[in-house]
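**Q** Please build the complete structure, drawing on both the sequences and the hints.
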Amino acid sequence: MAKILVIAEHRDGKLSEGTLELCNAAKAIASAMGCEPAAAAFGKDDAIANEVAKYIPTVYSVTDAALEKYTSDGYAQAAKAVIESQDVKGVLIAQSYDGVDFAAKVAMAIGAGIVSNCNKVDVEGGAPVFTRNTYNGKIQEQKKVKTDKFVATFEKGAYEVAAAGGAGAVSAVSASISNVRTKVKEVIATMAGAVDISQARVIVSGGRGLKDADKYKDIIIPLAQKLGGEYGASRPVVDSGWTEAARQVGQSGKVVTPDLYLALGISGAIQHVAGMKGSKCIVAVNKDPEAPIFNIATYGIVADLFEVVPHLMEGL
Amino acid sequence: MKIVVCLKQVPDMESNFKIIDGSKIDESQVAFKINDFDNYAVEAALQLKEKNGGEVIIVSAGPDRAAKDIRQAFAMGADWGIQINDPAVQAGDNFVIAQNLQKAIEGIGGVDLVLTGVQAEDDQAAITGVMLADLLGLPHCTNVVKLEVNGANMVVNRELEGGLNEVLELSAPAVLSIQSGINEPRYPTLPGIMKAKKKQLDAKKAADLGAGTESKTEFVKMFFPVSETKAEIIQGDPATAAKTLIEKLKNEAKVI
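For the record, the sequence lines run as chains Y and C. Residue numbers are given in the numbering used here: position 14 of the first sequence equals residue 14, and the series is strictly consecutive. Throughout, the numbering used here is defined as the position within the second sequence, counted from one, plus 1000.
If you're looking for bench data, these hints aren't it; they were derived computationally from the structure. Since the model is a prediction, treat every value here as computed from it, not as a measurement. None of the hints are false.
DMTMM-like, lysine to aspartate or glutamate: derived pairs with alpha carbons at most 20 Å apart:
no., chain 1, residue 1, chain 2, residue 2
1, C, K1221, Y, E124
2, C, K1243, Y, E307
3, C, K1250, Y, D259
4, Y, K183, C, E1169
5, C, K1230, Y, D288
6, Y, K287, C, E1232
7, Y, K146, C, E1218
8, Y, K211, C, E1184
9, Y, K149, C, E1218
10, C, K1221, Y, D122
11, Y, K280, C, E1252
12, Y, K144, C, E1218
13, Y, K185, C, E1148
To give an idea of the interface, some chain Y residues facing chain C are shown, with a C-beta separation under 7 Å as derived from the structure:
no., residue
14, K138
15, I301
16, V308
Don't be surprised by glycine CBs; every beta carbon is placed ideally from N, CA and C.
**A** Printed below as a string of structure tokens:
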């Protein structure tokens, strides 16, 4: 039977959460398409393949010294070897940093259409229809592939994390990995020794809507202090240098789960939401009633934050 | 160094979007601008040119309106450009765009480095740059947050989750997708804007480039997302809303 194949992602011997979500995605999609779920794991030995086998019934393992560390060349060659030696209908990859780096290369290697950054799949007439975010999350679109096989990447949280407990079969697939053109020197922590906002009970975060560095400092910091919490920021604020990178909340920054998260002038792009959606209570203040942040907030105020915050300062 | 920057013109994401027939956005209601990520790629290219000499070439696939933002990049300091202005390319998917960019870049010849933004703000696909690298037969790195070029040797930092960076080496020619925050994109100066008007902008169609227009994916429809959990919107003027919010946080959510 044809396979819906997850490409496992791992770092320091640990599977990513996105991979565990994809194991569930593969089961759902395979069942709707009359296929079987499977995974491919690449590494210097079978350790990761054995780990994935706890979550999915069939695992193909490609082992090579050149696969010890992730590289796009290594992963694309290993994926191609598995897809071409097995009956693979669809390939699922996380829309993570590594996933973004190699997914399109896998699609090119097997000549398949790719739909990236998906959050849902419907199967219509036996073919998958992918739903994905566009326009900064304000509009969704549906896409299909015109090729026999497909590659799809999924945003984090699209599926629940699969539970461990199975004992899948691991089989070896041979591949010759050659001509790896990027050389990994090291992985470094860019925020070592900096402030840690992840333990704060209250976080007041500001986004692009704060307009400039002075307004960010004048509005966000006093409100955070008044609430006895920390102040944070969305990516554009850090990119513009209004505050330090260690205060960035989101996929590339900190993941926080405070009791209260105030998002001021933050539109709610998926990369930001990934870092704060676990907060107990989320308050959003934004002028734009269509801002995606209102879809995940507990309470929302559709107004100019510069008019609302002074009243909050007065009332608290 | 001969550096190509692939640039896309996109709608301002703050726009109040309207969808026509579930198939496209109403362009009469939106303002267009350079894709934010591409601005950082243009700046990165200009900094490399200032350090190493050479030229910066903008390659963009887009309709007539896109010329305004290609010239914006010229005003920042880019030297000349190619606009792939072809309805058949506009109607194509990322694969079609990548193929046309590839042929345009091969036509320029002797390109040392191709820079793209991490993704386009409108389609949020983040795949065109990687496809382009593959078609050009070049190595690539995505989400670049630091870039050092020493001749043909490059050391780049690739952004990872949670504040980690992977430091890696690769050789030019290569394709790099540039992440926001890597630099501070400059604003065009008045002399820059004046010069930009006279810079060379070649218009090409897929047939001129010898590139295909056959997509591998198919658009079905677009719609506004329906969230199951919409926020409770607190009504009233700012003073009333602020007062109500504080009460709710104290008595209902019990978080302050």
